[in-house]
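Colleague: Please model the entire structure based on the sequences and the hints provided.
So for the sequence shown, the working numbering puts the first residue at 196; every next one is plus one.
Honestly, I wouldn't trust all of these hints.
[Claimed, not checked] Heads up, simulated DMTMM-like pairs for lysine to aspartate or glutamate below, C-alpha to C-alpha not over 20 Å straight-line:
(1) Lys254 x Asp200
(2) Lys223 x Glu262
(3) Lys254 x Asp230
(4) Lys261 x Glu214
(5) Lys252 x Glu271
(6) Lys223 x Asp199
(7) Lys223 x Glu271
(8) Lys261 x Asp222
(9) Lys265 x Glu221
(10) Lys261 x Asp230
(11) Lys265 x Asp200
(12) Lys261 x Glu271
(13) Lys252 x Glu221
In case anyone wonders, no lab produced these hints; they're calculated from the structure.
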Amino acid sequence: MSTDDGVVALNNLLQQRNELHLLVWEDKPSGPRHDTIWTSRCRLQGEVIGEGQGGQKQKARNMAAKEAVKALTNLENH
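Modeller: So this is what it looks like as structure tokens:
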């Protein structure tokens, strides 16, 4: 499994919905340089739809994207 599966899934979902252009990423490092923790948030139309943390920016984005896919899929199913 690739480290960016969540990002790919989110991009595909938003592309199907014609909303990919509305996606905005916020990436913020914290902690010392040798032990940085990244926090990534993905926003859709200004609303946070996913958030993740990890030792690498890509891992944090992947976690946030997976959370966003889950949230958006739940909205569609209800």
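Colleague: Each of the hints needs a verdict: does it hold here or not?
Modeller: Each hint tested on the structure:
1. Under the criterion of a C-alpha separation no larger than 20 Å, the hint pairing Lys254 with Asp200 is consistent with the structure, at around 10 Å.
2. About 17 Å separates the Cα atoms of Lys223 and Glu262, which keeps this hinted pair within 20 Å; it holds.
3. For the given pair, Lys254 sits about 14 Å from Asp230 by alpha-carbon distance, which is consistent with the 20 Å threshold.
4. With a C-alpha separation of about 17 Å, the suggested pair Lys261 and Glu214 falls inside the 20 Å cut-off, and the hint holds.
5. At most 20 Å may separate the alpha-carbon atoms for a hinted pair to count; Lys252 and Glu271 exceed this at roughly 28 Å.
6. Straight-line distance between C-alpha atoms of Lys223 and Asp199 comes to about 18 Å, which keeps the hinted pair within the 20 Å bound.
7. Under the criterion of a C-alpha separation no larger than 20 Å, the hint pairing Lys223 with Glu271 is inconsistent with the structure, at around 30 Å.
8. Proposed proximity of Lys261 and Asp222 is supported: the alpha carbons are some 16 Å apart, at most 20 Å.
9. Restraint check: the Cα-Cα separation between Lys265 and Glu221 comes to about 19 Å, which is no more than 20 Å; the hinted pair holds.
10. Straight-line distance between C-alpha atoms of Lys261 and Asp230 comes to about 24 Å, which puts the hinted pair past the 20 Å bound.
11. With a C-alpha separation of about 13 Å, the suggested pairing of Lys265 with Asp200 holds against the 20 Å cut-off.
12. Using a Cα cut-off of 20 Å, the hinted pair Lys261 and Glu271 holds, with the two alpha carbons roughly 15 Å apart.
13. With a C-alpha separation of about 10 Å, the suggested pairing of Lys252 with Glu221 holds against the 20 Å cut-off.
Going down the numbered hints, you'll see the structure goes against 5, 7 and 10, while the others check out.
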